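Undergrad: Now for the letters of each chain:
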Amino acid sequence: MLSCAAAALVLLGLGLALLWAPEDADQGISQKIFYVHVPVALTAYACFGWAAWKALRLLWTGDERYDLESYTGVHLGTIFGVLTLVTGSIWAKVSWGVWWSWSERQLVLFLILFLFYSAYFMLRYSLDPGPRRQRSSAVYALFGVVLIPISFLAIRLAEDLIHPVVFTRDGPQMSDSMFATFCVCFAGMLTLAGSLYRVELTGKRIDERVRELRELLDAEPVRQHVLTEVRS
Amino acid sequence: MSTGEKYVAAAYLVVFAAVLLYLVIISLKVTRLERDLAELTELARRRSDG
Numbered sequence: 005m006l007s008c009a010a011a012a013l014v015l016l017g018l019g020l021a022l023l024w025a026p027e028d029a030d031q032g033i034s035q036k037i038f039y040v041h042v043p044v045a046l047t048a049y050a051c052f053g054w055a056a057w058k059a060l061r062l063l064w065t066g067d068e069r070y071d072l073e074s075y076t077g078v079h080l081g082t083i084f085g086v087l088t089l090v091t092g093s094i095w096a097k098v099s100w101g102v103w104w105s106w107s108e109r110q111l112v113l114f115l116i117l118f119l120f121y122s123a124y125f126m127l128r129y130s131l132d133p134g135p136r137r138q139r140s141s142a143v144y145a146l147f148g149v150v151l152i153p154i155s156f157l158a159i160r161l162a163e164d165l166i167h168p169v170v171f172t173r174d175g176p177q178m179s180d181s182m183f184a185t186f187c188v189c190f191a192g193m194l195t196l197a198g199s200l201y202r203v204e205l206t207g208k209r210i211d212e213r214v215r216e217l218r219e220l221l222d223a224e225p226v227r228q229h230v231l232t233e234v235r236s
Numbered sequence: 057m058s059t060g061e062k063y064v065a066a067a068y069l070v071v072f073a074a075v076l077l078y079l080v081i082i083s084l085k086v087t088r089l090e091r092d093l094a095e096l097t098e099l100a101r102r103r104s105d106g
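So the protein sequences, as listed, match chains A and B.
According to this note's numbering, the residues represented by the first sequence are 5 to 236, in order.
According to this note's numbering, the residues represented by the second sequence are 57 to 106, in order.
So here's chain B without its partners, still in its complex pose (with noise of 0.2 Å):
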């Protein structure tokens, strides 16, 4: 592999990792959501019982 082969790879391969950690950090978000809205869930469940 050339050194122009090299940088062109680097750049989109650093386009290519950030939409990748982007998807992490959105999966990573819609968990922690889901686990907020089932601990609240839960609480209204509970006054809702008494």
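If we strip away everything but chain A, and leave its shape as in the complex, we get (with noise of 0.2 Å):
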């Protein structure tokens, strides 16, 4: 059901961003890779936010199910970043004439962001399956979470920049065009992006559960063998 829905809103979104928004005065037919990357770089933040979540609900509870639902929320944030980190560049080639600007705090702090979850699999694949490990990457996933204010935040405290702010105190700074097929694209990705997660969190439960039958499996001929030991 919820990957019907993600279908039809990103189709519906994608049908909108082409073909009803308007252009815009100032960039043109490029500023309709707004809709595609704004939609992509808040469900990246959404995702940390939601491993983030998961992670605090791990150390608060001490149940094993939170670690692996942070650890898909990073996974998907991790993905969805990569995607606002490419499409970012394109508009920015196509907008400011440069693939990437050293200058611009907003992009750093996202690479930054970006850079801090893919560490995550490091520090993640570096220690034992166990509690230390769930613990360790839990804090880890906590500590992220503070990098997300600081990055949506560093547009509005940068002085010198180009790039474009279009949400303000006083609203969206678009037509309520632009503003309805920017909602579609949003929950389209936000769709997606929870459909993905389901399917990712299944997947990696059906991968723990077939191990730990691997293993039973494996252990079973030793435990008879030292049963049939300590009875005869």
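One thing to keep in mind: the hints can contain errors.
Here are the simulated distance ranges between beta carbons [as the list claims (entries may be wrong)]: (1) Gly32/A - Arg88/B: 19 to 29 Å; (2) Ser179/A - Thr87/B: 46 to 56 Å; (3) Ser83/B - Pro26/A: 37 to 47 Å; (4) Ser83/B - Pro133/A: 20 to 30 Å; (5) Asp211/A - Arg102/B: 20 to 30 Å.
In the DMTMM-like style, the derived pairs of lysine to aspartate or glutamate whose C-alpha atoms are separated by at most 25 Å in a straight line are [unchecked claim]: (6) Lys85/B - Glu216/A; (7) Lys208/A - Glu90/B; (8) Lys208/A - Asp132/A; (9) Lys85/B - Asp105/B; (10) Lys85/B - Glu212/A; (11) Lys62/B - Glu216/A; (12) Lys97/A - Asp92/B; (13) Lys208/A - Glu61/B; (14) Lys208/A - Glu219/A; (15) Lys62/B - Glu68/A; (16) Lys85/B - Glu68/A; (17) Lys208/A - Glu68/A; (18) Lys62/B - Asp30/A; (19) Lys97/A - Glu108/A; (20) Lys85/B - Asp30/A; (21) Lys85/B - Glu27/A; (22) Lys208/A - Glu95/B; (23) Lys85/B - Asp132/A; (24) Lys97/A - Asp30/A; (25) Lys85/B - Asp211/A; (26) Lys85/B - Glu95/B; (27) Lys208/A - Glu73/A; (28) Lys97/A - Glu27/A; (29) Lys208/A - Asp222/A; (30) Lys97/A - Glu95/B; (31) Lys85/B - Asp222/A; (32) Lys208/A - Asp67/A; (33) Lys97/A - Asp28/A.
Just so you know, these hints were derived from the structure itself, not from any lab.
Here the structure is a predicted model, which means the values were calculated and not measured.
Note that the Cβ used here is the ideal one computed from N, Cα and C, for glycine as well.
Got two chains here, separate frames each, mind docking them using the hints?
TA: Following this line, the structure appears as structure tokens:
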């Protein structure tokens, strides 16, 4: 059901962005990248935020299932992070004439956030599976969430920016049709992320159970042998 | 097609390609899990038979 909603919303958003939303007077056709770049970036933040929430739940309750949920959130956030950087670079090239600008705090802070969460996998796989790995990964995921508001607000703190400001205190600085298109695209990207999250989490859970089953079946002959030895 | 249109198409295609790649990876994972489960079922059946 969620997958169908995601497919419908993404296709509707695509249609609205390319066929219905008016062209921006300043940027022209290239502004259409906004409808994919910003929803993808906000979805990446949402995934990292979700991962941090699950990490907090793990540390609070000690329930092991939150570990896999937090890990899946970081996994998806990283994928959406890559897409944010790629689509942002394409937009930068067509608008500013460069693929990347190191002077833009927003871009650099997003890159730091992305690299921080990329390092999460190195930390996770450098430790043996168990409570220590779960706790360390959770603490790391929780620290990363601090970077989200900084990255999000950086654009408002910057003085000499070329990165456009669309959402201000006075509301969205765009026409109603543009804002409606953006909302559909954002809803589509969020439901797509939710759908992928469910698929990924189910896959990871089955993978874990298959591994446990294999270990149990491999250990069974040894257990039988030990029991025979003890009885004799 | 203008330069701007090419860049817009590229941005949308990148996201589409990523979702497609993700679906391919997931389908490969499901295939592997199916194979692993078949193998484990066979192993368990042999054990129960003696």
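Undergrad: All hints, please: hold or fail.
TA: Results of checking the hints against the structure:
With their beta carbons about 47 Å apart, Gly32/A and Arg88/B fall outside the hinted range of 19 to 29 Å. Evaluation of the 46 to 56 Å hint for Ser179/A and Thr87/B yields a pass: the beta carbon distance comes to about 47 Å. Checked against the hint of 37 to 47 Å, the C-beta distance between Ser83/B and Pro26/A comes to roughly 39 Å, which is consistent with it. The beta-carbon spacing between Ser83/B and Pro133/A, approximately 26 Å, falls within the hinted interval of 20 to 30 Å.
Between Asp211/A and Arg102/B the beta carbons are some 23 Å apart, a value that agrees with the proposed interval 20 to 30 Å. Taking the CA atoms of Lys85/B and Glu216/A, the gap is near 17 Å; set against the 25 Å cutoff, the hint holds. A threshold of 25 Å between alpha carbons decides the hint, and for Lys208/A with Glu90/B the separation of about 13 Å falls inside it, so the pair holds. Under the criterion of a C-alpha separation no larger than 25 Å, the hint pairing Lys208/A with Asp132/A is consistent with the structure, at around 17 Å.
The hinted pair formed by Lys85/B and Asp105/B fails the criterion: a straight-line CA distance of about 30 Å is larger than 25 Å. Our distance criterion of 25 Å between C-alpha atoms is met by Lys85/B and Glu212/A, whose separation comes to about 13 Å. With a CA separation close to 49 Å, the supplied pair Lys62/B and Glu216/A exceeds the 25 Å bound. A C-alpha spacing of about 46 Å is found between Lys97/A and Asp92/B, which places the hinted pair above 25 Å, so the restraint is violated.
This hinted pair does not check out: Lys208/A and Glu61/B have alpha carbons roughly 39 Å apart, beyond 25 Å. A C-alpha spacing of about 17 Å is found between Lys208/A and Glu219/A, which places the hinted pair at or below 25 Å, so the restraint holds. Straight-line distance between C-alpha atoms of Lys62/B and Glu68/A comes to about 47 Å, which puts the hinted pair past the 25 Å bound. As the CA atoms of Lys85/B and Glu68/A are separated by approximately 23 Å, the hinted pair is consistent with the 25 Å bound.
Under the criterion of a C-alpha separation no larger than 25 Å, the hint pairing Lys208/A with Glu68/A is consistent with the structure, at around 14 Å. Between Lys62/B and Asp30/A the CA atoms are separated by roughly 18 Å; this keeps the pair inside 25 Å, and the hint holds. Proposed proximity of Lys97/A and Glu108/A is supported: the alpha carbons are some 14 Å apart, at most 25 Å. Between the alpha carbons of Lys85/B and Asp30/A the distance comes to roughly 46 Å, so the proposed pair goes past 25 Å and is violated.
A threshold of 25 Å between alpha carbons decides the hint, and for Lys85/B with Glu27/A the separation of about 42 Å lies outside it, so the pair is violated. Distance hint between Lys208/A and Glu95/B is fulfilled; the C-alpha atoms sit about 19 Å from each other, no more than 25 Å. For the proposed pair Lys85/B and Asp132/A, the alpha carbon gap of about 23 Å is at most 25 Å, so the pair holds. Restraint check for Lys97/A and Asp30/A: satisfied, since their Cα atoms lie roughly 16 Å apart, inside the 25 Å limit.
Our distance criterion of 25 Å between C-alpha atoms is met by Lys85/B and Asp211/A, whose separation comes to about 9 Å. Simply put, Lys85/B and Glu95/B have alpha-carbon atoms about 15 Å apart, close enough for the 25 Å limit, and the pair holds. The hinted pair formed by Lys208/A and Glu73/A meets the criterion: a straight-line CA distance of about 9 Å does not exceed 25 Å. Note on Lys97/A and Glu27/A: the hinted pairing holds, with a Cα-Cα distance of about 18 Å set against a maximum of 25 Å.
With a CA separation close to 21 Å, the supplied pair Lys208/A and Asp222/A stays within the 25 Å bound. Proposed proximity of Lys97/A and Glu95/B is contradicted: the alpha carbons are some 51 Å apart, above 25 Å. The straight-line distance between the Cα atoms of Lys85/B and Asp222/A is roughly 22 Å, inside the 25 Å bound, and the hint therefore holds. Between Lys208/A and Asp67/A the alpha-carbon distance is near 17 Å, which keeps this suggested pair within the 25 Å criterion.
Proposed proximity of Lys97/A and Asp28/A is supported: the alpha carbons are some 17 Å apart, at most 25 Å.
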